[in-house]
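J.: Using the sequences and the hints, build the whole thing.
Top line first, the protein sequences correspond to chains F and W.
Under my numbering, the letters of the first sequence match residues 1 to 398, in that order.
Under my numbering, the letters of the second sequence match residues 1001 to 1342, in that order.
Since the hints were made in silico from the structure, they are not lab data.
Treat the numbers as computed from the prediction; the structure is a model and nothing was measured.
Just so you know, not all the hints are guaranteed correct.
What the hints assert, rightly or not - Label pairs and their calculated CB-CB ranges:
#1 94/F <-> 1113/W: 30 to 40 Å
#2 191/F <-> 1142/W: 37 to 47 Å
#3 1220/W <-> 158/F: 54 to 64 Å
#4 181/F <-> 1140/W: 47 to 57 Å
#5 1142/W <-> 181/F: 29 to 39 Å
#6 1140/W <-> 94/F: 31 to 41 Å
#7 158/F <-> 1052/W: 27 to 37 Å
#8 191/F <-> 1108/W: 30 to 40 Å
#9 60/F <-> 1290/W: 37 to 47 Å
#10 257/F <-> 1140/W: 17 to 27 Å
#11 181/F <-> 1108/W: 39 to 49 Å
What the hints assert, rightly or not - Part of the chain F face toward chain W, derived, beta carbon under 7 Å:
#12 73
#13 152
#14 154
#15 355
#16 362
#17 364
Don't be surprised by glycine CBs; every beta carbon is placed ideally from N, CA and C.
Chain by chain, the residues:
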Amino acid sequence: MTAATQRSAAGASRTTSIVNDAFVRGVFYQLLTAAILVGGLWYLVSNTIENLSQRGMAAGFDFLGYSAGFNIVFTLIPYREGDSYLRVFQVGIANTLLVAAIGIVLATAIGLVMGLARLSTNWLIRNLARWYVEVLRNTPLLLQIIAWYFGFFNLLPVPRQSIEWGGTFFLNNRGFYFPAPVPQDGFGWTGVALGLGIVAAVAIHRWARRRLEATGRSFPSVLVGTGLVVLLPTATFLLTGSPLAWDIPALRGFNFRGGLSVPPTFCALIVALSIYTSCFIAEIVRAGIQSVSHGQTEAARALGVKPARIMRFVILPQALRVIVPPLISQYLNLTKNSSLAIAIGFPDLVSVWMNTSLNQSGRAIPIVAMTMGFYCAVSLTVSLLMNLYNRRVQITER
Amino acid sequence: MKKSLTLLGAASVLFAMTGADAGAQQTLAQVKQRGALNCQVGLPTPGFYALSADGKWSGLDVDMCRAVAAAIFDDPDKVRYQSVTSAVRFTSLANGESDMLSRTTTWTAVRDSQLGLEFVGVNFYDGQGFLVPKASGIKSARELDGATVCVLTGTTTELNLADYFRANNMRLQAVTNENVNVLVETYLGGGCDAYTNDKSGLAARRSAFPTPDDHVILPETISKEPLGPVVRHGDQNWGDIVRWVLMGLIEAEELGVNSRNLDEMLKSDNPNIKRLLGVEGNIGQGMGLTNDFMVRVIRHLGNYGELYERHVGANTPVGIPREESLNALWTKGGLMYAMPFR
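T.: In C-alpha cells:
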C-alpha cells in the first residue's frame, strides 16, 4: 500500500534514476536479504551433510521407523519396547504436554491464591505469602526439582508400607497410585447430560447478561449454571444406576497393580514446576490488581456495589489486561522448564528423545532439530491462544 | 547441569559439523603438538575410572589412557581427562573433543558402523547382571517380574534389560537416568527393587556403598559386554596406536614381561620379546611412535595382568577374581588374546 503509493508518486515525476527509486530499492534489499538467508541456510545444511558423511556418521530420518527397544517407565499413550522411534517421539511429546497442562493449571491456582494473599489485610497471611514468593522464586528451579525428588518423593516408604487413604489411594517411593474409572454400559447418558448442562449454562449466562444490559436486573447465572453442570449429570448418573466401576490398585508382588499411577519423578516435577511458577504468577496477579486505582473501589463502594461484585465487575476486568501478557510468558516458561525433568529422569521429550533416543540411535542432528521444532511449535501455539484471549479482555476503546 | 551437558554436546556436534573438517589423519600430530592426550572417561566409578580426593584419576580404563600417553610421550601423566555422562560420550568423541574414550563402553555393530566410531579392542569382558538388596530375598533374575529396575540411559544395558524382560515375558518398570549417582541414590533409597549394569560395574558400585554386604549380585548374566577403548573413525593410524598399545599390554603378560623384570627382559634372546620391546623390528616406527613404545608403557604401568590386579583384582575393594573368568589370558582359559607382534 505504502510502497504502491510511493511508486505512483515516483512514477509521476520520474526525474531521478531507477537506482534511487524507493520501491526498486526496497525490492532489491528484500531479495538480497532472502538470498543471504536461504544461501546461509543451504550452506549450513549441505556442509553438515557433507561432514557427516565424511566422518562415516549416518544422517537422515530413516531411523524413525526402526524399533527403539528400550523401556519407558511412564507413558500417557500406549508404548511397548518393540515400537518405533517415531512412537518414542510421540510418547515424549504426550508426557511433556501432560506435565505442562497439569503444571499450568496448578501454578495458576496456587499463584492466584498467593497473589491475593499478598494483598490480604491480615498481617500474617500477607507476610507468609510474601516469604513464600521471595524464597521460592529466588532459588534455582533445577535445585528445587532435585530437592523435591531426593528430599521427599524418594524418601517415601516402600510399597509394602505405603501411605494410604481409605485403601484406594496409595503413595510410596514408586509413585502415586489411584483408582482408574471403568465406564460400564449406560455411562454415555451421564456424558450426554453433562453436555446438555454446559449448553444450558452458557445459554442462561447469555440470557442473564442481555437482561442485565436491557433492564439492569441481575440474575445469579453463575450459580445456576454451576448447579446445572453439576446436578444434571449427577442425577442422570444416579438414575441410570451408577454405571461406573473403579479399578482399585492392589499390592501384588513388588508393587501395586491395577488402577492408574504416576511415578515419583512426575510428582516431584509437577510440584516443583507449579510451586516455582506460582511465585511469578502471584506477583503478576498482585501487580495486576494493584494497577487498578483504589479510587475505583471507593467509587463502586460509594454506589453501594457489593465487595464481590466490585472484584468481579470493576477490578478484575481491568486487572486482567495487565495480568494476561506476562502470564503468557510464565506459561511458556513452565512448558520449556519441564525439560529439566531429565535431571531426575522423568521421561519427558528431552529425556526420552534428546537423551535416550539420540544416544541409542546416534542421530544427533535430526533429533535435535525435531526437539527444537516441537518446543517452538508449542510455544507459538500457546502464545497464539493466549494472545487471542488477551484480545478479548483488552478494553474496547471507543 | 546434566541437561546442559547433553545440550552442549548435541549443539557442539551441530556446530562442529558445519566447521571445516579438522583433518582426519592427524590425531597423533595434534596430540603431540598439544603435548597431552585428551582422553574421555566416565563419571567416577571405582576400579575403572575412580577420582581420588586430591583430583587424580586412576583405574583400569584410566590406565589405558595413561598407557597411550606413555607410548607417545614417555610420560603417563600427559593426559587431560574428560569426564562426561554416558549419553554424550560418542558425540564428544566424534566431534573431536576427545582423542579416544576409555570408559567401559560396549562394542556393538551399530556403534562401530553408524556413529563414526572405531572400536580397537577389548580390555574387559563383561556381562550384565542385577544387584538387589539381600533383604529382598531375591535369588534369581527370573523373580524380578513386575520389578522396578534402575538403569543408566543411553546404554546397551538399557536395551538388554528391556530385551530380557520381553524375552521372559516379565513386566518391567525401568527407572532411567543418565547420572549413575542419581540412580545409585534412588536404588539405595529403595526407589527401585534392583539396579542393573555390567557386573563389573555392579561390583565397583557396591564396593562404595555404606554397607556393601547388604547387597547381592544375582547369578544370571543376561548379555555379552565386551568393553574397550574407542577412537574416532577415519584416522586408521591413530586407531592402530591405541589397538597395539592394548595388544602390547596383553602380549607382555603372556610373555611374562612386567614392570619389575623389564630391564632383564630387554636383554632376552626370545625374538617375540625382542619385537615387543622394540629391540628388533620397527613396529613402533611404522605407527609413528618410537620402537621402544611398549618399554615405556610397561616401565610406567606394567602389563595387563598388573593393571587388572591393581585396580579390579581380587585384592582390591572392587574384587573381581580373574581366574577362570573371561578376562584370564587365553592360555589360562580366558579370552585375553593378543594378535601376534610381528
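J.: All hints, please: hold or fail.
T.: Hints and how they fare:
no., hint, in the structure
1, 94/F <-> 1113/W: 30 to 40 Å, "holds (32 Å)"
2, 191/F <-> 1142/W: 37 to 47 Å, "holds (45 Å)"
3, 1220/W <-> 158/F: 54 to 64 Å, "violated (24 Å)"
4, 181/F <-> 1140/W: 47 to 57 Å, "violated (38 Å)"
5, 1142/W <-> 181/F: 29 to 39 Å, "holds (35 Å)"
6, 1140/W <-> 94/F: 31 to 41 Å, "holds (36 Å)"
7, 158/F <-> 1052/W: 27 to 37 Å, "holds (35 Å)"
8, 191/F <-> 1108/W: 30 to 40 Å, "violated (51 Å)"
9, 60/F <-> 1290/W: 37 to 47 Å, "holds (44 Å)"
10, 257/F <-> 1140/W: 17 to 27 Å, "holds (21 Å)"
11, 181/F <-> 1108/W: 39 to 49 Å, "holds (44 Å)"
12, 73, "holds (5 Å)"
13, 152, "violated (11 Å)"
14, 154, "holds (5 Å)"
15, 355, "holds (5 Å)"
16, 362, "holds (4 Å)"
17, 364, "holds (5 Å)"
The structure shown violates the earlier hints numbered 3, 4, 8 and 13.
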